[in-house]
Structure formats: C-alpha cells, structure tokens
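Once you've looked at the hints, go ahead and assemble the two chains, each given alone in its own frame, into the complex.
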Amino acid sequence: MKFSESVACPDCDLLQHIPPLDPGRKAACARCGRLLAKQPSGSRDLPLALTVTAAIALIIADTLPLMDLHVVGRFASTTIPGGAYEMWLQGQLLVSVLVLFCAVIAPAGYVLFMLVLLLAARRTPVPHWAAEMLRWLGHLQVWSMLEVVMLGVLVALTKIAQLATVDPGIGMYGFGATILLIPAIMTNFDRREVWQKVAWGDGEMPSRAAPAAPVARGRK
Amino acid sequence: MTAPAITAAQAGLVSCESCHLVSRPAGAEEPGFCPRCGEELEFRRRGSIEATWALASAAAICYIPANLLPVLNTITPQGSDADTIMGGVIFLYTSGSWPLALMVLIASVMIPLGKLVSIAYLLITVQSGSVKSSRERTRLYRIVVFIGRWSMLDVFVDTFTVALVQLQPLMSVQPGLGVLFFAAVVVLTMLAAESFDARLIWDSANPYEPAHGK
Chain A
0 MKFSESVACP DCDLLQHIPP LDPGRKAACA RCGRLLAKQP SGSRDLPLAL TVTAAIALII
60 ADTLPLMDLH VVGRFASTTI PGGAYEMWLQ GQLLVSVLVL FCAVIAPAGY VLFMLVLLLA
120 ARRTPVPHWA AEMLRWLGHL QVWSMLEVVM LGVLVALTKI AQLATVDPGI GMYGFGATIL
180 LIPAIMTNFD RREVWQKVAW GDGEMPSRAA PAAPVARGRK
Chain B
0 MTAPAITAAQ AGLVSCESCH LVSRPAGAEE PGFCPRCGEE LEFRRRGSIE ATWALASAAA
60 ICYIPANLLP VLNTITPQGS DADTIMGGVI FLYTSGSWPL ALMVLIASVM IPLGKLVSIA
120 YLLITVQSGS VKSSRERTRL YRIVVFIGRW SMLDVFVDTF TVALVQLQPL MSVQPGLGVL
180 FFAAVVVLTM LAAESFDARL IWDSANPYEP AHGK
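From first to last, the protein sequence lines are chains A and B.
At position 31 of the first sequence the residue is numbered 30 (numbering that gives the first Met the number 0), and the sequence of numbers has no breaks.
At position 21 of the second sequence the residue is numbered 20 (numbering that gives the first Met the number 0), and the sequence of numbers has no breaks.
Bound-form chain B, shown alone (with noise of 0.2 Å):
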C-alpha cells in the first residue's frame, strides 16, 4: 500500500452499510441517505455500544435458566424425564455417540458463553480506547458473527424430537420452558453481534473529527 492510511471517515466520507458505496455526507450531524440504495447513511452505527451491551446483557441473563431448564420433558407411562442442555449431551455421550455429544456440548454451551465474553471483551477494549491488536479483535469479530447461528443447534434438535416423538400414550417428548430462554439467549447473542460496529477498533487509533458522537 503505498497510499497514507485514511479512513472514510477521516476523509469526510461515508460508506453505505448496504451497498457499500462511498459518498459525501449531506452533514456532518445527519450523513443523509445512500444516493444509490437508499439506505440510511451512518458514519458509525448510532448507539453501539449501548445496544450491544444491552443485548449481551439480556443474553447472559437468559443464559442461566436456559442451563438449568429443562428443554425436553419425556413422558412414559413409568412418568415423566426432565431433561436440561447437559442433561441431551450426557445422554448422548453414554449412548455411545460421543462425537454427537461433543458437537452439541460446543453449540449449545460453548459458542454461547464464548460469544458472551468475546462480546464483553470487544465492548471493554473499544471503551478503553484500546489501539493494541486491532487486527486480531476484529478477527475476533467476524467469527462471533460467522459462528453465532451454529447455536441454533440445540432449538432444532428439541424440535424435531418434540416433532417425532408423539407416539400417546406409549411416548411422548415435550418442550420445556429451557428451550425459550435457549432460544432467547441464541437469537440476542446474535443481535449483539450485528449491532456492535467493528470500524469502533480502529477509531482510537484513526480518531476523525466531524461533530457526529460515535
């Protein structure tokens, strides 16, 4: 590269999050709308940080009843089987298909946690005005978000085994109240990636000047 470091911002332009097109803001305050696609123009996403914490926060709330929940309840004429996250991975290891077992382990107890502190780390980084391995945070970034939906796993397993498994009054399997908050904790993890703005890791070390807050 031979051309001097500058972002669009430090130029005075902005970038379409849709289209990606660059193009002069209408102001400093208000950027306008993308000439091209229409959408809203932001130098950075407004409110960022907040929602972001916000919405992790929810999710790491969430995250403890959907452990300790039941997600499946088995009903049998002996009586009923309560069944948590761990309780599915145990009785998948035991019933010999430990590769299985360790596949749910990873999507469903630690993609989630693991994206609750990589969240927290980006957020408390980008706060302190970290210039340090801005290359690795933001490669931190994309895989919580490339990574975020394998999470899903588990709410697919339970509803096909809810699905399948409806052979009255011999079996049958029904949702617990575990599988909403699983589900909860899933669907804001994932809308704390989206909402967090990855251009924030490199502001500290290429601050701009125009009036409009981060």
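With the rest of the complex left out, here is chain A (with noise of 0.2 Å):
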C-alpha cells in the first residue's frame, strides 16, 4: 500500500513531508540522515511466516539444552533460562532477573506480541488493541538482546573449552535460526501501514483524506 504522509523527525523534529514509497525504498530525515521510513519489499504475508517459524525455533532455542560437557567423566548442560536460573541459585537475583529479562521474557514477548499484531492487523480497521501491542513492541525491542547472548555463550564455551571437552546441543540450532529470523521480521514488518489502518484512541476510523495535523483531544 502506498501513501504519503507528513511526519517530524523523532530525533530533529523537523516537519516534512514523505511521499509514496516504493518497495525496498527509504526515507532519511534531510537535516540529520535519521530513518525515517521504508517500504518493504516482500509479500505481506513474510512476516507472518517468519514470525511462525521464529516462535517454533524459540521454543527449540529456550527448552533444549545449548551446549554439553564432559570432564573425566561429568557431564554438564544447560539452556537459556538454566543460565539465569543457576545465577539464582548462585545469589545473584538481580542479574539473574536481567538475565532472564533480556534473554528469554523480551524475545519471547516481542515474537508473542508480533504473531497476535500480525493476525490482528489483518482486519481493517486494525483493533485498537493492537495499537497498544505495536507500542510495547518498541519497548520490548530494546531489551531483546538474543545476539548478544549468542555471543556470551560463544565467549564462554571458548573459556570452558580449555578444561572440558565443549559441544553445541541442540537448543543452539534453535537459538541460531532466532537471531537470524527477528532482524528479518523487522526488516518486513510494515509498522507504517499498520499504524495508518488502526483504530483511533475514541474508537473512530479517520478518512484518508483527513489532514496530518488531526484535532487535538482534551485529558482522557
């Protein structure tokens, strides 16, 4: 769907004015170079399927264990939440909740929420539900930090590797094919079209034709 709207940059706020984009084409803010929107080229349909596929390998990537190891005869696992849950064990609750957070609840959430905004936006109008589950997103976005505990665990079985015999278990596969799929998802996912069929706040549908600039509610 094309459309052109007016927007002020998030990070300069200056006003302009986006013109129809088309597919695989951006826009960048013409005073500080900040993105201002894409279009996205593939089929509406992608993000749906990569989503499903994300939340089937997620759950591979947080139940099945990402690594063993074996050391004269002892043997050792553990998965995502077995990580935060041993630093609980450990005493440190507080990095044990931030683990959990930023490893586990923030994916999980963000490709929950995507999945049920995804079939919600289907409809038109778009609930206003749905609105609020987009806004969260954002939030949840900044906290999902599945690459960087990639990473972490690389680190790590790189420093174990030297006292025992380190192997990549399953839950890895899964935990690899979720990296690669949620920078897909958001590569796809058109937030701008969403926002554009969604409900308003007073429950009424505004015309296409309405001005960028609509009448300002009071207080709720």
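Please keep in mind that the hints were generated in silico from the structure rather than gathered at the bench.
Don't take every hint at face value.
[Stated by the list, open to error] With the Cβ distance kept under 8 Å, some of the chain A side facing chain B (calculated, not the full set): (1) L13; (2) R73; (3) L97; (4) V98; (5) V147.
Values in this document were obtained by computation on a predicted structure and should not be read as measured data.
By construction, the Cβ of each residue, glycine as well, lies at the ideal position given by its N, Cα and C atoms.
Below, the structure is given as structure tokens:
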C-alpha cells in the first residue's frame, strides 16, 4: 500500500513530507539523516511466516540444551533459562532477573506480540488493542538481546573449552535460527501501514483525506 | 528541500513518540494524548537533561566497583581464584583467542566508558546551547543507542560460565559482586541514552515559542 504522510523527525523534530515509497525504498531525514520510513519489498504475508518460524525456533532454543560439557566422566548441560536459574541459585538475584528478561522474556514477548499483532492487522480497521501491542513492541525490541547472548555463550564456550570438552546442543541451532529470523521480521514488517490502518483511541476511523494534524482531544 | 526548515514545535505541532503521528496539541502546557495511539504527548521529553545526568552519574559511580570487584570466583580443591573483567580479558588473550579478548575488551570496558563520555558531551553541548555540528552529535547519539546493548556481553559470558561449570567438588565457578555492578552500569547507561531527547540538540538552532519548558 502506498501513501504519503507528514512526519516530524524523531531525532531533530524537522517537519517534512514523505512521498509514496516504492517497495524496498527508504526515506531519511533531510537534516539529520535519521531513517524515517521504509517500504518493505517482500510479500505482505512474509512477516507472518517468519514470525511463526521464529516462534518454533525460539521454543527449541529455550527448552533444549545449548551445550553439553564433559570432563573426566562428569557431564553438565544448560539451557538459556537454566543459565538465569543458576545465577539465582548462586545468590545474584538481580542479575538473574535481568538475564531472564533480556534473554528469554523480551525475545519471547517480542515474537508473541508480533504474532498476535500480525494476525490482528489482517483486519481493517486494525483493532485498537493491537496498537497498544505495537507500542510495546518498540520497548521489547530494545531489551531483547539474543544476538548478544549468543556471543556471550560463544565466549563462555571458548573459555571452558580450555578445561573440558564442550559440544553445542540442539538448542543452539534453534537459537541461531531465531537470531537470523528476528531481524528478518523487523525489515519485512511495515509498521507504518499498520499505524495507517489502526482504529483511533476514540474508536473512530479517520478518513484517508483527514489532515495530518487532526483536532486534538483534551485529557482522557 | 524547497520548504523552509521548520520543526514541529515551531509550527505549534507535536509529534507522538510512539506512533509518530503529528497532531495539534490540546494546549501549550499540557499537549494531551495522541489521538491515534493514546500515548501521552510531549513537545520534548520532560526533565530529559536532569534524568539523563542522574542516570549517567549513577552509571559512572557503578563503573568503578564493576571493574575492581571480581566478576567470577573459580573454586577448586587447591583454593579459589577471583577474576575481574580485565582478568577475564587477559585470560582469553593468554589462552590464545585474542579476537575474543579484543571483543570482550571493547564490549565491557571501552563501550561503557565511551557511552558515558559521549552522553556527558551531548548533555554539556545541549546545555551550553551549541549550534555546531548538530548532525554529527545526533549521529553520535544514535551510535550510543545502537551500541549500548553489546555491553551486556560480559554479563552473559559470566552467566553461562557459572551455569556450566558446576562440577563440585572438582571445580565450580560462582558469580562475584562485580557482575551486579557491571549489569547496573549497562542498564543505567541504556536508560540514560533512552531518556536523552535528541531533539534538544537542534533546539538552539530552531528555538520555539510555547510556554512549555524544555
């Protein structure tokens, strides 16, 4: 869907007009260079397919062992939530909660919210509760750090490999797949289109011809 | 660009931070709520400079114990051995994986320090009303936001080392207090970057009228 809109750059507040964009094109702020809009080039069903795949990969990543360790007849393995749990057992409660949030809750929340949002966005107008989810997605995205977790696991493996035999587990494959899928969802998801179709807070759907600066409401 | 450069605030409009809809505020003092998504509207984030200073200062204080206290304690029958962050970097370097050592050094020592210096620089230039190199300063802000998450690297390395190496009585690894302070540094600098309002960088060049303070 092509449309034009007026926006203020989130980084420098410059008012500017974004023309209809061809698929795969981007618009950047004329003054500070911030990316203002992009038009995904893939099919509109692609984000949904990617999100379903990511959900399956994430379940594998969170439940199956990431790595197995063998040393003189002893055996140990861990999962992503298992890492956070061990920190809890060792008395680092705050760090444990932080790891659980960044490595498990935020990515899972992101995929789950995205899944529900994409299903809801197939309707027009998009229900208002879906807009709430879209707002939350932005916050979850900041704290979802799977790629950093992956690098951390690799560094830990390298350190431990000095002392013991370490083998990657099945969970690692699910983990790797999720890390590739989440950025793919982000690039193919058209959040501008969802915002255009969303039902407004007061339940009204503005006409497409409505001015960019609508009449403001007072306090709720 | 043909139209004169004018900011939303100069035009008396307010842009929603959540859905980016530009709308007419309910009033100069209280812009009200976004008609589309219901987010509370603000011309500029309220108390942005004070909040950012507070969070960055707290992070700078935590940075000292984060680097001095051990992050990992290795316990073997021969005794125990405490490792700080720099100790972990040196261990990786001497055990032959210098690329990983460099990566941990950058993520755990240089990025947090660089972020603190950058945030302080952005705050000072905004407060002194600088109009120079605004584009570069905005780019610096975006780098700070983008790169912040990678500092969590050491927290995850420590977590998974602790989770795996529990081979009592042979060898076990326990987290030290340093990891708590280090995690605090990362979270506080990320929150500081989030609370800073990049639009303030441009306001000295494009002052706007509304009674609503910065």
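Checklist line | Violated constraints from the hint list, given by number and in increasing order | finding: none
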